[in-house]
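Engineer: For the record, the sequence lines run as chains A and B.
Residue 204 in the working numbering sits at position 204 of the first sequence, with consecutive numbering throughout.
Residue 85 in the working numbering sits at position 85 of the second sequence, with consecutive numbering throughout.
Be aware that a few hints might be false.
[Claimed, not checked] The calculated BS3-like cross-link candidates involving lysine-lysine, where the alpha carbons are at most 30 Å apart (straight line), are:
{"id": "1", "chain 1": "B", "residue 1": "Lys86", "chain 2": "B", "residue 2": "Lys16"}
{"id": "2", "chain 1": "A", "residue 1": "Lys16", "chain 2": "B", "residue 2": "Lys210"}
{"id": "3", "chain 1": "A", "residue 1": "Lys86", "chain 2": "B", "residue 2": "Lys210"}
{"id": "4", "chain 1": "B", "residue 1": "Lys70", "chain 2": "A", "residue 2": "Lys208"}
{"id": "5", "chain 1": "B", "residue 1": "Lys208", "chain 2": "A", "residue 2": "Lys210"}
{"id": "6", "chain 1": "A", "residue 1": "Lys116", "chain 2": "B", "residue 2": "Lys210"}
{"id": "7", "chain 1": "B", "residue 1": "Lys208", "chain 2": "B", "residue 2": "Lys16"}
{"id": "8", "chain 1": "B", "residue 1": "Lys210", "chain 2": "A", "residue 2": "Lys70"}
{"id": "9", "chain 1": "A", "residue 1": "Lys208", "chain 2": "B", "residue 2": "Lys142"}
{"id": "10", "chain 1": "A", "residue 1": "Lys210", "chain 2": "B", "residue 2": "Lys210"}
{"id": "11", "chain 1": "B", "residue 1": "Lys89", "chain 2": "A", "residue 2": "Lys210"}
{"id": "12", "chain 1": "A", "residue 1": "Lys86", "chain 2": "B", "residue 2": "Lys86"}
{"id": "13", "chain 1": "A", "residue 1": "Lys16", "chain 2": "B", "residue 2": "Lys208"}
{"id": "14", "chain 1": "B", "residue 1": "Lys147", "chain 2": "A", "residue 2": "Lys210"}
[To be verified] Restraint ranges, calculated between C-beta atoms of paired labels, are given here:
{"id": "15", "chain 1": "B", "residue 1": "Asn190", "chain 2": "A", "residue 2": "Met45", "range": "39 to 49 Å"}
{"id": "16", "chain 1": "A", "residue 1": "Glu31", "chain 2": "B", "residue 2": "Gly140", "range": "34 to 44 Å"}
{"id": "17", "chain 1": "A", "residue 1": "Glu148", "chain 2": "B", "residue 2": "Ser109", "range": "19 to 29 Å"}
These are calculated hints, taken from the structure and not from any lab test.
C-beta: ideal position from N, C-alpha, C; glycine also.
There are 2 protein chains.
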Amino acid sequence: MTIRTGPVVVPAAVIKRLPMYYRYLQVLVEEGLERVSSRELSQLMGITSSQLRQDLSYFGEFGQQGYGYKVSELYQAICEILGIEKQYKTVLVGAGNLGRALINYQGFSRRGLNLKGIFDNNPSVIGENINGLTVCNVEGLKDYLLKEGIQIGVITTPASAAQSIADILIAGGVAGIWNFAPQHINAPENIIVENTHIGDGLLSLFFKMKHQERL
Amino acid sequence: MTIRTGPVVVPAAVIKRLPMYYRYLQVLVEEGLERVSSRELSQLMGITSSQLRQDLSYFGEFGQQGYGYKVSELYQAICEILGIEKQYKTVLVGAGNLGRALINYQGFSRRGLNLKGIFDNNPSVIGENINGLTVCNVEGLKDYLLKEGIQIGVITTPASAAQSIADILIAGGVAGIWNFAPQHINAPENIIVENTHIGDGLLSLFFKMKHQERL
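Next up, chain A with everything else stripped away, as it sits in the complex (with noise of 0.2 Å):
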């Protein structure tokens, strides 16, 4: 097995199947499996195993030929690649239920991310004890992000308040916004922005409700 690191452009469909890949192969870890085939992995995931070839050899060389694939030897190679191992430093601005729900989400950490903070502006939140994290008041984010060096923040303010904490974000120095609100971030060419739109999956919903017969 071996993991390319050149330099290689990796088409945006296949990054979105990387976090299926993940969530199966944990499963599988975690149930014991010590090898899969391409053939099973791929049903599992409901993609072609050709597919799945292709994907993966954008990333390096994986599996052999009539064993399959060693199910922890892929798993951390998927890992690697995501970049999972690496446990940014992160804060969250938004402590209402869409934050709560994210900071209680065990996913989380397991992921390699390292909560460091949890911001808010409003006053009855602030001083709240969150999953052993206080909510601070939003006006010391900026000292706070440039004396922790965070590389990560996540916004689950309203969309009105998004682009001022995008701003903030971005002048304390984070790598990377995860953002949650309905409102488009501007940001500089290297702040990574990843837009969450929670919605999406009901609009999915109602069209294959509607055009059962055309999927």
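Following the hints, put chain B in place on chain A, whose structure we already have.
Structural biologist: Positioned in the frame of chain A, the structure of chain B alone reads:
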């Protein structure tokens, strides 16, 4: 402009982009824009204009050479294609943080989701009023589904409860399940299950931060 009604198999990647079309067009409608060229629209969305035209071609004939698209017409067409006009009767099961975040999500009703009931098994939550609806005991879920003719069930329970809730939803006659629990749902083929993996965006962010030079 003609919306195709016949049986055409639409690739999964195209279906995945429809919610993005919906979101961007909604903004343009709100901004009062009358028409948009395929080049402008595709640039806004970060895809090529040939991709845009090809995607839309699965659903009919839209736009005019040299004129582009009438924004409001294309928006209406996308709404119709997605099935947004339908006002599906819906219940949500699991009134924790994520459930509350969804209930308070403004796009919910706007997107044609008619939330009729909220269910939980926690005695300290049952009876609580959230956004005008009283949280009901999950023990009454099946009877309620059958009586009200509920079409969609949203699962925001812990993973351990997701399958048993799905079984009740299916027995109660829903046609679609929107699952947020990190748990695979087994369902008959005629039931549409849409899984939203809220943590996937984090993995994409990690990947892009690690491989910035390769994107």
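Engineer: So, for every hint listed, does it hold in this structure?
Structural biologist: We went through each hint and held it up to the structure:
1. Lys86/B to Lys16/B: At roughly 20 Å apart (the allowed maximum being 30 Å), Lys16/B and Lys86/B satisfy the hint.
2. Lys16/A to Lys210/B: Roughly 15 Å between the alpha carbons, so the hint for Lys16/A and Lys210/B holds.
3. Lys86/A to Lys210/B: holds (9 Å)
4. Lys70/B to Lys208/A: It holds: about 26 Å lies between the C-alpha atoms, which stays within 30 Å.
5. Lys208/B to Lys210/A: violated (35 Å)
6. Lys116/A to Lys210/B: holds (20 Å)
7. Lys208/B to Lys16/B: Cα-Cα ~20 Å, so holds.
8. Lys210/B to Lys70/A: Status holds; Cα separation ~24 Å.
9. Lys208/A to Lys142/B: Given that 30 Å is the threshold and the Cα spacing comes to 24 Å, the pair holds.
10. Lys210/A to Lys210/B: This hinted pair is violated, its Cα atoms lying about 39 Å apart.
11. Lys89/B to Lys210/A: holds (14 Å)
12. Lys86/A to Lys86/B: Given pair Lys86/A, Lys86/B is violated - Cα atoms ~45 Å apart, limit 30 Å.
13. Lys16/A to Lys208/B: Measuring from Cα to Cα gives roughly 11 Å; hence the hint holds.
14. Lys147/B to Lys210/A: It holds: about 23 Å lies between the C-alpha atoms, which stays within 30 Å.
15. Asn190/B to Met45/A: 39 to 49 Å: Violated, at about 22 Å.
16. Glu31/A to Gly140/B: 34 to 44 Å: holds (35 Å)
17. Glu148/A to Ser109/B: 19 to 29 Å: violated (40 Å)
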